[in-house]
Amino acid sequence: MIHRLLREPLLHFFAVGALLFGAYGMLHQGSANSPDEIVVSRGQLQNLRLQFERVWQRSATAPELQVLIDNFVKEEIFYREGITLGLDRDDPVVRRRIGQKLEFIVESAVPPPPTDVDLQAWLDSHAERYQIEPDYSLRQVYFDPARHGDKLAAEIAAARRSLAAGKEVTGDATMLPPSLDAAATEAQRVFGNEFADALKTLPVGGWQGPVTSAFGVHLVSLTRHDPARTATLAEARAEVERDLIHARLQQTNAAFYDKLRAKYAVRVEGASAIAEPAG
Amino acid sequence: MKAIATYVSVGLASVLFLVSAAQAQQTSGTVITDIGDIQPADPKKFYKEPGYSPYAGKHFPERPLFGDEHVHTGWSVDAGLSGATLTPEDAVRFARGEQVTSSSGQPVRLSRPLDWVAVTDHSDAMGTIAAIREGNPEMMKDATLKRWHDMMATSLEEGTKATMEVVNAQANKKLPPALVDPKWARTFWDKNIEIMEKYNEPNRFTAFISYEWTSNAGGGDNLHRNVIYRDNKDRAQQVLPMTTFQSENPEDLWKWMADWEKKTGGQLLAIPHNGNLSNGRMFELRMFMGGPMTKDWAQQRQRWEPLFEAIQMKGQSESHPSLSKTDEFAVGYELWDRGNLVIKPKTPGMLEHEYARQALKDGLKVEQDLGANPFKFGLAGGTDTHNGLTAAEEDNYFAKFVSAEPRPDRWNEDAMKFGDRVIKGWEMTGAGYTGVWATENTRAALWDAMKRRETYATSGPRMIVRFFGGYDFTKRDAGLRSPAIAGYNKGVPMGGDLAKAPAGKAPTFLIAAVKDPFSGNLDRIQIIKGWLDKNGKLQEKIFDVVWGDADTRKVQANGKLTPVGNTVDLETASWTNTIGDPELITVWKDPEFNPELKAFYYARVLEIPTPRWTAYDAAYFRVKMDPKVPMITQERAFTSPIWYTP
Numbered sequence: 001m002i003h004r005l006l007r008e009p010l011l012h013f014f015a016v017g018a019l020l021f022g023a024y025g026m027l028h029q030g031s032a033n034s035p036d037e038i039v040v041s042r043g044q045l046q047n048l049r050l051q052f053e054r055v056w057q058r059s060a061t062a063p064e065l066q067v068l069i070d071n072f073v074k075e076e077i078f079y080r081e082g083i084t085l086g087l088d089r090d091d092p093v094v095r096r097r098i099g100q101k102l103e104f105i106v107e108s109a110v111p112p113p114p115t116d117v118d119l120q121a122w123l124d125s126h127a128e129r130y131q132i133e134p135d136y137s138l139r140q141v142y143f144d145p146a147r148h149g150d151k152l153a154a155e156i157a158a159a160r161r162s163l164a165a166g167k168e169v170t171g172d173a174t175m176l177p178p179s180l181d182a183a184a185t186e187a188q189r190v191f192g193n194e195f196a197d198a199l200k201t202l203p204v205g206g207w208q209g210p211v212t213s214a215f216g217v218h219l220v221s222l223t224r225h226d227p228a229r230t231a232t233l234a235e236a237r238a239e240v241e242r243d244l245i246h247a248r249l250q251q252t253n254a255a256f257y258d259k260l261r262a263k264y265a266v267r268v269e270g271a272s273a274i275a276e277p278a279g
Numbered sequence: 001m002k003a004i005a006t007y008v009s010v011g012l013a014s015v016l017f018l019v020s021a022a023q024a025q026q027t028s029g030t031v032i033t034d035i036g037d038i039q040p041a042d043p044k045k046f047y048k049e050p051g052y053s054p055y056a057g058k059h060f061p062e063r064p065l066f067g068d069e070h071v072h073t074g075w076s077v078d079a080g081l082s083g084a085t086l087t088p089e090d091a092v093r094f095a096r097g098e099q100v101t102s103s104s105g106q107p108v109r110l111s112r113p114l115d116w117v118a119v120t121d122h123s124d125a126m127g128t129i130a131a132i133r134e135g136n137p138e139m140m141k142d143a144t145l146k147r148w149h150d151m152m153a154t155s156l157e158e159g160t161k162a163t164m165e166v167v168n169a170q171a172n173k174k175l176p177p178a179l180v181d182p183k184w185a186r187t188f189w190d191k192n193i194e195i196m197e198k199y200n201e202p203n204r205f206t207a208f209i210s211y212e213w214t215s216n217a218g219g220g221d222n223l224h225r226n227v228i229y230r231d232n233k234d235r236a237q238q239v240l241p242m243t244t245f246q247s248e249n250p251e252d253l254w255k256w257m258a259d260w261e262k263k264t265g266g267q268l269l270a271i272p273h274n275g276n277l278s279n280g281r282m283f284e285l286r287m288f289m290g291g292p293m294t295k296d297w298a299q300q301r302q303r304w305e306p307l308f309e310a311i312q313m314k315g316q317s318e319s320h321p322s323l324s325k326t327d328e329f330a331v332g333y334e335l336w337d338r339g340n341l342v343i344k345p346k347t348p349g350m351l352e353h354e355y356a357r358q359a360l361k362d363g364l365k366v367e368q369d370l371g372a373n374p375f376k377f378g379l380a381g382g383t384d385t386h387n388g389l390t391a392a393e394e395d396n397y398f399a400k401f402v403s404a405e406p407r408p409d410r411w412n413e414d415a416m417k418f419g420d421r422v423i424k425g426w427e428m429t430g431a432g433y434t435g436v437w438a439t440e441n442t443r444a445a446l447w448d449a450m451k452r453r454e455t456y457a458t459s460g461p462r463m464i465v466r467f468f469g470g471y472d473f474t475k476r477d478a479g480l481r482s483p484a485i486a487g488y489n490k491g492v493p494m495g496g497d498l499a500k501a502p503a504g505k506a507p508t509f510l511i512a513a514v515k516d517p518f519s520g521n522l523d524r525i526q527i528i529k530g531w532l533d534k535n536g537k538l539q540e541k542i543f544d545v546v547w548g549d550a551d552t553r554k555v556q557a558n559g560k561l562t563p564v565g566n567t568v569d570l571e572t573a574s575w576t577n578t579i580g581d582p583e584l585i586t587v588w589k590d591p592e593f594n595p596e597l598k599a600f601y602y603a604r605v606l607e608i609p610t611p612r613w614t615a616y617d618a619a620y621f622r623v624k625m626d627p628k629v630p631m632i633t634q635e636r637a638f639t640s641p642i643w644y645t646p
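Chains A and B are the protein sequences, given in the same order.
What the first sequence shows, in this note's numbering, is residues 1 to 279, in sequence order.
What the second sequence shows, in this note's numbering, is residues 1 to 646, in sequence order.
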């Protein structure tokens with residue numbers, strides 16, 4: 001019975017209310033007997049002290065404690081009067097906060113850790129997320145078109161012949177790295193999209209190009225191209241586990257809301273007036 | 001009813017556990033290491049490596065790591081109220097390059113991942129929710145917990161006793177395992193920490209533990225600070241963030257930081273932002289409560305606040321045209337200069353204490369008078385997004401609030417409105433990020449680089465900027481095009497200090513920039529010098545030191561460089577990189593150096609004109625905007641200064 005009750009969303013909801021206001025009542029035990037009496041209980045006092053300590057990392061002095069008590073009493077009086085006046089209703093801060101707290105409760109129901117079978121299934125069905133990107137080793141010789149004008153093509157061709165003959169060619173001065181051992185996104189970060197795209201189809205071996213980048217043009221020698229592949233579970237376990245738990249949590253939240261939502265009939269007044277015209 | 005009682009008492013147990021954890025720390029005999037006074041290693045000593053191979057023992061940072069030190073999510077009260085539903089988890093996933101659905105339901109992704117992020121939700125009202133923990137029956141399986149639960153349910157006296165037992169058990173490391181499980185200790189703060197721990201992957205992506213302390217002195221004078229933790233969960237969770245419910249006085253924040261460091265042995269730094277909205281208070285030349293600055297105060301400020309956020313979505317705070325009258329690039333550039341955070345209008349004299357450049361100058365004077373420089377800070381950039389999306393790119397601008405996520409009318413709506421005082425949507429800035437020269441992508445290495453101010457702010461693009469000062473740089477160092485090797489061997493990087501000049505020598509600077517391959521070519525690099533002249537007057541001067549299209553652009557008779565031109569086509573919101581240069585490098589020697597005068601130097605890198613986010617909006621939504629709306633921008637980076645202190 002208790003177990004079934006614990007799973008009952010509505011009860012959770014009441015429990016939140018009970019906690020927000022009930023816990024408050026507990027801490028002010030005695031005060032409930034007489035509406036005009038405020039008892040700052042020993043428990044409450046201790047709580048104020050500890051809260052102070054947790055922030056300030058030292059004990060409150062007597063005058064500071066008195067301020068804490070005064071503030072507490074003032075807040076309590078304002079709180080009670082406010083509740084009496086119904087100020088908690090329709091307050092966007094209160095609404096949002098209570099809603100958030102409820103969400104937290106739902107999320108704190110930690111699901112059992114996924115098994116390897118779960119993880120593998122998730123990996124298989126979301127393989128595109130766990131791609132190990134292509135990895136390259138390359139050398140490049142840079143040409144700044146602005147420095148060559150009309151002679152650019154001829155000079156690149158000449159450089160290419162020299163490179164093919166095994167000679168060193170330095171190209172134009174640049175801060176770009178002459179060689180790179182890196183994954184595709186790193187190549188993209190350094191040279192830009194166009195260059196990174198070109199690498200995908202560039203043959204391995206020999207000097208190729210000219211390849212255009214965000215900086216100019218390059219002759220490129222690709223000595224290694226490890227193509228993209230899906231990671232194994234061993235390689236991506238942490239990420240897969242994190243994503244799967246994240247996805248399950250979202251499902252739980254959605255299911256919880258659906259269940260709550262089913263309890264309510266919602267009517268939006270003048271709904272037809274706010275519907276956007278079709279098209 | 002029984003079930004409810006369980007909820008309540010377990011919730012209570014969680015509160016008591018939380019508060020007791022802090023206390024127990026003080027009694028458990030932990031060795032406290034006060035490392036607060038250790039200064040970062042002298043970079044010269046650290047990097048200098050004798051020997052033939054320039055690469056041997058190479059410890060210097062190889063590439064800047066780009067991130068956003070200023071992100072709010074739905075967990076910030078103001079963001080949540082304005083419709084942000086994205087959580088810190090969503091924000092981190094987005095920063096890592098994943099596609100997410102924005103709070104307004106639009107799919108969005110960054111052009112490429114960031115290297116790090118600091119989610120800085122407001123500490124105020126981030127508050128504990130431990131009091132409402134779920135009454136999980138699992139917990140009651142533990143005999144000790146069951147007994148504590150029963151004690152708490154009996155009476156408050158018994159409950160207090162139980163609390164003490166919890167404290168003792170914590171101190172003696174005898175807490176039941178079920179209670180030590182993090183799931184019982186979740187406040188928003190704890191949960192935030194959990195998320196950052198989960199996504200923080202050393203050498204791939206850094207998720208800092210951080211928060212914003214949001215002091216609005218006098219009701220809207222922006223004195224906000226982002227507090228960045230060097231450390232991990234074990235230290236961060238020991239103490240709750242400082243809120244302005246405790247104090248609005250930055251001195252109290254520093255005190256809190258000092259206490260935190262002493263208690264945990266960890267390290268913190270704070271990054272103030274939006275001097276432009278502080279109505280003269282961000283860099284006022286007195287203490288918060290009104291007294292004159294003291295040397296101790298100046299030292300404290302320098303110690304705790306090594307960086308200043310100079311650009312973000314609410315405008316730039318680098319320089320103001322009324323303070324820097326010869327700075328043509330400050331004119332009309334992302335200025336939010338009409339009031340404070342609630343647009344309370346400024347009065348004369350306020351602007352003088354809001355902008356980084358003026359503060360850097362004032363710092364020299366204060367140092368002269370008091371012997372310590374309170375404003376010895378480097379520069380950072382962030383978004384201050386309030387929708388969890390660190391989208392600072394002009395062509396991918398998701399704005400500050402959910403209400404301003406891409407929509408045809410956002411340019412013309414009110415971004416902020418207080419009475420009849422309004423900031424229009426088009427005034428929002430598409431900025432910014434921080435480039436950090438860290439030796440590796442970890443919390444500790446990034447934090448250390450921030451602490452030694454080896455950082456620069458950008459308006460969004462990720463250009464690479466190197467800036468070194470020394471006495472021996474020559475043109476040859478620029479010719480080699482490996483600025484880091486010469487830079488670290490012969491000088492200090494951005495954020496560093498130059499000691500008194502050797503006789504007959506003037507400071508030389510090796511400065512280089514490589515364009516962001518996703519953005520515009522480079523127009524020019526400038527060095528901005530500020531100094532205290534021999535009459536005690538503060539001066540500044542801007543030098544164009546290297547520029548693109550150098551074969552055709554010259555310094556004209558009026559001292560100004562020929563403008564770089566403009567290729568922006570507003571119809572299609574596009575431009576061509578047919579002007580400017582993809583990279584620039586030079587060595588510059590101060591031609592007006594006086595070895596007796598205190599000075600600072602920092603670099604500003606300007607891109608060629610490119611479309612502003614408003615232009616992308618106009619093209620995409622086919623809307624015609626008011627002629628006063630700027631449609632073209634010159635993206636830029638500004639580095640931390642190098643100081644000359646004779």
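Hints are computed from structural coordinates only; laboratory data are not their basis.
Some hints could be false.
To be verified - Each computed DSSO-like pair below joins lysine-lysine, with the alpha-carbon atoms no more than 27 Å apart:
hint: 1; chain 1: A; residue 1: LYS101; chain 2: B; residue 2: LYS325
hint: 2; chain 1: B; residue 1: LYS325; chain 2: B; residue 2: LYS365
hint: 3; chain 1: B; residue 1: LYS198; chain 2: A; residue 2: LYS101
hint: 4; chain 1: A; residue 1: LYS151; chain 2: B; residue 2: LYS541
hint: 5; chain 1: B; residue 1: LYS505; chain 2: B; residue 2: LYS490
hint: 6; chain 1: B; residue 1: LYS424; chain 2: B; residue 2: LYS365
Status of each hint after checking the structure:
no., hint, result
1, A:LYS101 with B:LYS325, "violated (52 Å)"
2, B:LYS325 with B:LYS365, "holds (20 Å)"
3, B:LYS198 with A:LYS101, "holds (21 Å)"
4, A:LYS151 with B:LYS541, "violated (41 Å)"
5, B:LYS505 with B:LYS490, "holds (14 Å)"
6, B:LYS424 with B:LYS365, "violated (37 Å)"
Violated hints, in rising order: 1, 4 and 6; the structure is consistent with all others.
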